[in-house]
Structure formats: C-alpha cells, structure tokens
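2 protein chains.
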Amino acid sequence: MSDQDQLASENDAPDEEIYELNRREVAAILEVVQENNRERLVELMESLHAADIADLLEQISANERRHLIALYGVEFDGEILSELDESIREEVIGVLNPEVLADAVRELESDDVVDLLEDLEEPQQEAILDALDDADRVVVEQAMAYPEDSAGRLMQREVVMAPEHWNVGEAIDFLRKSDELPEQFYHVVLIDPKMRPTGYVTLGKIMGSPRTVQLSDITEPSFHTIPVDRDEEDVAYAFNQYHLISAPVVDKDDRLVGVITIDDAMAVLDEEHEEDILRLAGVGEGSLTDRVIETTRQRFPWLAVNLVTAVLASLVIALFEDVIAGFVALAVLMPIVASMGGNAGTQSLTVAVRAIATKDLTGSNVWRVIRREVLVGLINGLIFAVAMGIVGVIWFGSPLLGLVIGIAMVINMVIAGLAGTVIPVALEKLGVDPALASGAFVTTVTDVVGFFAFLGLAAVMLL
Amino acid sequence: MSDQDQLASENDAPDEEIYELNRREVAAILEVVQENNRERLVELMESLHAADIADLLEQISANERRHLIALYGVEFDGEILSELDESIREEVIGVLNPEVLADAVRELESDDVVDLLEDLEEPQQEAILDALDDADRVVVEQAMAYPEDSAGRLMQREVVMAPEHWNVGEAIDFLRKSDELPEQFYHVVLIDPKMRPTGYVTLGKIMGSPRTVQLSDITEPSFHTIPVDRDEEDVAYAFNQYHLISAPVVDKDDRLVGVITIDDAMAVLDEEHEEDILRLAGVGEGSLTDRVIETTRQRFPWLAVNLVTAVLASLVIALFEDVIAGFVALAVLMPIVASMGGNAGTQSLTVAVRAIATKDLTGSNVWRVIRREVLVGLINGLIFAVAMGIVGVIWFGSPLLGLVIGIAMVINMVIAGLAGTVIPVALEKLGVDPALASGAFVTTVTDVVGFFAFLGLAAVMLL
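Chains as they are written, first to last, in my numbering: chain A, 1 to 463; chain B, 1001 to 1463.
Just chain A, with the same shape it has in the complex (with noise of 0.2 angstroms):
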C-alpha cells in the first residue's frame, strides 16, 4: 500500500486541516458504500493510510460501519485493525468474514498481534490465534505470558545483534549477507558472549566509518537497557528523557531478549497522557466511540463519589442553617468561596500530578513545591480576598460581610495550595495513581473549608 500525502499547496480548502479525513472524504466513502458500489469504495480508501481508514470506521455509525466493512471485503488490512480503538475493535472483528480476519492477522508484526490480543475478550483472542501461523503463533503467546502492560509486551524479537569484538566491516558484510532483517531497524545491538547487550551502533555510524573501524568505538554515547517485566511508562519515560530510538529489553539475566523502537514508545507516551487527561477529569476510560450505556456506566462512579462529597459540603451548610436564616446574604456569597478554593487547588494538583508524571516532583524538592503553593495560595487569596471583601459591602453594605467572605477566601486560598499538592504526592506514595482519586479529595477539602470557614466566622463575627 503507498500513500503518498499531497500536502498543503495543492489542497484546495487551505484552512482545512490536512493531516486527517475530511469531511467531504467521509461524505464521499459513505455515499459510495449506499449506492454498494464496490469498485469506487476501493479507489477511494486506497489513498488513505490505516491509521486514516481506523479513523474513518470511528466516526461513522456502526451502521454504516457494518455496511462499508461488508462491502470493502478482502482488502480489509490488519493493519487497521492495529490502529482502531479498542471500543470499536472488537464490534469490528465480530463483523468480519472469519478469512478476512485471518488473512488480516496474518499480515502483521507479531508484537502488533500482541497488541491487538490484550483488549479482547477470550472467545476473539482463541480465533485470531488460530489464524496464525504455529511458529507466530508460540512467538505471540510467549508475549503473552509477560505481564500486562510490560516491557516484554511491547518488544519486538527479531533484533540485529553483532559480537562486541567485531568491526565495522564485519558488521557490514553480515548485514549485507542476512536473509531476512526486519523491517524496522536502525541500530546493531553489541552483546558480550553471555548475550548481554553492552551497547549499540547506528546503521549511520556503520556506514560513514572505515571497514577497520571497531564497534565498541563508535557506540552511542547514551545506552540503556530495559528490564523486560519493566512499566511500559516508564519504557515511554526512559525514551523520552534520553532521547532514545531503539533500546535492547534484557530478562533478569541481563541476557538480550528483544528490542523496543522509540515508535512504540510514543504511542505509549500519547496513551500515557490520554490516561492522566481523563482520570484528571473523572472519567475511567473513555472514548468518544463507547456507547451510549458504555459511557453512562464509565462516568458513574465518579460521579458518584462526588455527590456524596457535595452532600458532605451540605452537611457543613446544615449546621449553620440559623446563621443563613439570620442573614441570606451568606446563601448568596458562599459558593463565590467554594468555587474560589476548589479553581485553585484544581490548579495546585493539575501542575503536582503532571509533575508527579514526569518525575519532576520527587523527594527532593517536594517541601520546597509545597512551601510555594501555599505562598501562591496566600498572595492571590490576599488579592481576591480584598476584591470580594470590596463586593461585599458594596453589594450588601456591610464591611463586617466583606471582612468576613475576604478571610474566609484567604484561609481557603491557602489550603487549596495545600491540599493540591499534598494529597497527590501521599496518593502517589500509597501506590495509587495521583491521578485517579486527587481530584474528589481536593474539591471535598476546598468545599468543607471554604463553608465551614465563611459560614463559622460569619456565625462568630456578625450575629
């Protein structure tokens, strides 16, 4: 399949966006799959990348999906099949013709298997299985046994290794004579004669140094191997901080076992952040091709947890209901304290959990993180604090009211910056993904403080 992309000189829509679909291209595809014309479907989708053709499957209905899958046949490509999310993959696999599915599995790499395999239900992962080739086939299952979400399921096997004594010129001439390279390389891995990899060579190195040249003189100055039970987050870490391409994955022998390629790292690094963005926000797993049940079951919990936070914040207003019965104004300014706190300390934990993720805010310096939080807290409080307090005597002509909603907004203030950033790092120390849960705890702590602050000074200071 090539797919060469025209770019932005010969679009005729220059604002439109030219790295995905377009919507007169859907339009298109769909018109021709209604009028089941088979051979202007084909001509259509075959400029189209798989990564382009998942994305196309993803936003029309599953109607229409069952339709243009049904009518596309054999060239459906395993490839797309790789790139389609799992929300999708598996209504998708149900729909097709059981040799189409085998043929497709049959074109992928087996690290793409593996990737394919771990979202499915059993049934799924027994039938693509079955398509594969015996040797394939015990290659992926080996993959398999690895831990979810590890290293090992990420590697790929096939990996051009060279003994460390040789030189540049043997280097070549076994290269050259291989039969079968894999598709994507770009460096020789050097192994010791036990198999542990002592460091690696670019294919642009080999080919720019004189045959004499040896290997372990032209090696990569930054060299790192990966534990094969590994977190594929911190593989994405590793990639990302040393600036990585390849990595050999080594097993607790330090015997090579397999190669990473920083392309798989990426897609790692992307699922990583899709993570973080959404537990952030509360929602488990979401993608915008669940259904409609899907989705309402995903965001349920969430907020579930939240009501009974909000109905814990009520519980503080309760006990000071002869206090706003006295005085309204209170029922009017207190969610302006509330809302205040819970900004920013969403703010405070946002920048901790990123930097938590990043591996920016550790031991070291996490004393020093809180100490500016609750100063930033306490100077933008003082700030607001004085904006409000001037609303509320203008609003309500009371400067006890004004001093009262300013204090009450400098204390919250202030622990917003505290709660922000402490409850994310002793979350992360339990073990629990900081992401996941700060945000319910953070809200509960600036709603409980910003009433329980304002509605017990107002019940002190003006009755």
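Just so you know, these hints were derived from the structure itself, not from any lab. Careful: at least some of the hints might be erroneous.
[As the list claims (entries may be wrong)] Some chain A residues judged to face chain B by a derived CB distance under 8 angstroms, without partners named:
#1 V26
#2 A51
#3 S61
#4 N63
#5 V95
#6 Q241
#7 V332
#8 I336
#9 S339
#10 L375
#11 N380
#12 F384
#13 V386
[To be verified] Derived Cβ-Cβ restraints for the label pairs, each shown as a range:
#14 B:E1118 / A:D133: 24 to 34 angstroms
#15 A:P182 / B:A1070: 44 to 54 angstroms
#16 B:R1038 / A:V308: 27 to 37 angstroms
Computed from a predicted structure; not experimentally measured. Glycine residues also receive a C-beta, built at the ideal position from the N, C-alpha and C atoms.
Following the hints, position chain B against chain A.
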C-alpha cells in the same frame, strides 16, 4: 560522555524508581557542593545523563544551583542547557561564566541552539549567537526566521539524500565516501531533479538489499512531506498517526529544505500534552521551577475569570433570596445540584478537548457525539435525581423538595453534557484553543443553570 545505566538487577533499592534521580544521589551531590569538593562533584556527575543533570538543577534551590554551577565550572555541558526547563534556563545562563557558556553552546547541534534561543530575552540571545562560528550562526538565524513553533524551527538542515534513479550500490558507495554524515540519520531521502522529495528508504533496507536494486523499489510505503511553515503540533500528530521515524520538510515549491526526526516529534507531543493538561486546569504555562511571584501571576487571570463567573452564579442565587429566607434547606442543597452539573460538564468537556486534539472529533461525528453526551447526561441525571430525591425526602421530610432537587439535577446534567461538548467544538471553530477557555464557560453554564433550575423550581413548587 558515556553513561551506561546499570538497571534493576544491580539496584540495591528495587522499589526505587530507576529512571530518575534518586533522593540519595541528589543529597550526596549537594553535600559535596557544600564541601566545595570539585573533584568528587565531577566524579558523581559523570555517570549522569545531561537530562538528569538538568532535572537535578531544577529540583534544588536557586542558591544551591549557583554554587553547584560555579563549582562544576568548565564541565558544564551544552546539552544540559538544552534539557533545562525554560523557567530556570535564563537564570542558569545568567550565572554561567561567559566562556563556559560559549563553549557549551558551540557543542550543540544547530536545531538545539534554535530551541535554546526561542525562549530567551534579546540580550541573552545575542550572547549565545556571538558565541557561535559564523557558519553556525547563519544556519541558526535562518531557522529563527521561520515562524515560532513551526516545522522550520524543529527541523535539522543536514539531510542525507540521493537522486531517485540511483540503485542500492550507488547509495552505499556514496554513503561510504561521505565525509560528514549527520550524527543521527535513519533514512535516505530520494529527490527528483528539482530537489523535490519523492520517497525515502531506510538504512536497514539499503543494508539488506542487493546492489542492483533500484532505491525507488524499496521506499517506505507510508511517505509524508511536511511544509516548512506547518505548526509543530500538526507535525507531532502526523508522526504519531502514521508511525513516521523521520519526515522530509519542504518549502512552498515542494523543495527539500530539512528533515524532522521522531525524537523531536516526541518531545513536541509531550509539550503539547503538558499544555493541554495545564490549560484545562486554568494554569497558563506553569512549571514546577517557577518562582512564587511568577506562579502567582500565571494563575491569577484564571482565578479572576472564575471570580467573575462565581459572582454571576451568586447573582442568580440573589434573585431567589426571599425563597431561601423562607426555606433555608434550599441553601443547604443547592451546591449539590451545581457541583454535580459541574462534574458531569467537566467529564464531557475533557473527552471532547482530548478528541479534538487527536482529531477524532470532527464535522463527521460531532452530532453523534453531542447526542451521546446529552443522553449520558440524561441517564446519569435520572439515576442521581432519584438518589438525591430520596436524600431530600429523608433529610428534610419533604417529598416536594425531593422532586425539585431531582428535576433540577436532570436538567443540569443534560445541559452539562450539551455545554461540555458544544463549547469546546465552538471555540475550536473560532480558532481558540478549546483547552484554554472551555472550563470557565462550562462551569459558568452549569452553575447558573443549576442554581436557576433548583431555586426557580423551588419558588414555583414549594412556596
């Protein structure tokens, strides 16, 4: 600099994260800095990658930073500067001895120098440009002429290319004879006589093919060129979507002007993630190393926007002061309705913002997504309406109050689903980053609707 990383198996604290500086290392380094022990400092730092040294500098105090840099002296490496967070880069450049700075900068590749210059003030830019050789300075100044955050700033100019009619043998001979191949390259770009790229071939394929094979017969199936003025965000998207390892950059006449490699694209992807996640939380450009005043200043505008929207919501409450005075339970329960709406809205919003960023939410499926979000809001709204209705009845003994809070909950959660999707899509259409401003709009909507629906219904049904 050679930094081999001995991993897990030899780590005495297996629970400790292995891809980051550990706390003991930092403490040990700070100790030798205090002792003014230069020799031992150089020794300790030798095993650290530049990225880790940058992290170290970010994690210690400004004072410790100054001492460490002074003691480290000429060992200070250009790469450390590249890796430093921009928030302390200026400070570090200011502290560095001018000669050390000049040496450090001269070690860097031209695209790294460009990256360094982008975030600096005029006088520091001059100082660095002056340190460069004339040839390097011209290259850097040319790159700086491209728009900020464009492919032109990101690319490196050294491209390994070959005429499209060459065969493998010619390519190998050419590469073996070249004096100056770039440090990192993985592909040979094929060009036509007008310097327009027509495809690319991996070094692996060249190594593995007979000398007589035409290069044009072994090009990669997926080939994308990148216009030089394209936004780096789109570049990162294209690399991630099409699994590119490198991509040629072309000018407006489609002529080859440079190449972007995946490691740069991965760094951009990571930055874009950071931007999205921070903007969603109303944190401008924040970084963990910013000082208190800088951080206060960054967070202030978003808190100010929130204050305005919170006052807006309070004005809605003020409309119903009499109703609340007559029935104080309303003041106790009203934050629950607003809070549930705010949470549901944030869930929808985050999914939408993320889907827009990954180009999964487009004109083709926006109506289907809106319908889904509204339905999800309706179903969860109904469930929580029943739950809160029961709470209302038990707590305050009033079935009517239970009904009021239930209806208000359904209304607000449906509106939340609608606003959470429509607002980011609309902002995107208007050319505003949806991550930046959506949050404030959505919570304003859910606060105003929540208070208005609850108190309005109460006024009609309870009094």
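How the hints compare with the structure:
| no. | hint | verdict |
| --- | --- | --- |
| 1 | V26 | 4 angstroms, holds |
| 2 | A51 | 5 angstroms, holds |
| 3 | S61 | 7 angstroms, holds |
| 4 | N63 | 11 angstroms, violated |
| 5 | V95 | 19 angstroms, violated |
| 6 | Q241 | 5 angstroms, holds |
| 7 | V332 | 5 angstroms, holds |
| 8 | I336 | 4 angstroms, holds |
| 9 | S339 | 4 angstroms, holds |
| 10 | L375 | 5 angstroms, holds |
| 11 | N380 | 6 angstroms, holds |
| 12 | F384 | 6 angstroms, holds |
| 13 | V386 | 12 angstroms, violated |
| 14 | B:E1118 / A:D133: 24 to 34 angstroms | 51 angstroms, violated |
| 15 | A:P182 / B:A1070: 44 to 54 angstroms | 49 angstroms, holds |
| 16 | B:R1038 / A:V308: 27 to 37 angstroms | 58 angstroms, violated |
Going through the hint list in order, the structure does not satisfy hints 4, 5, 13, 14 and 16.
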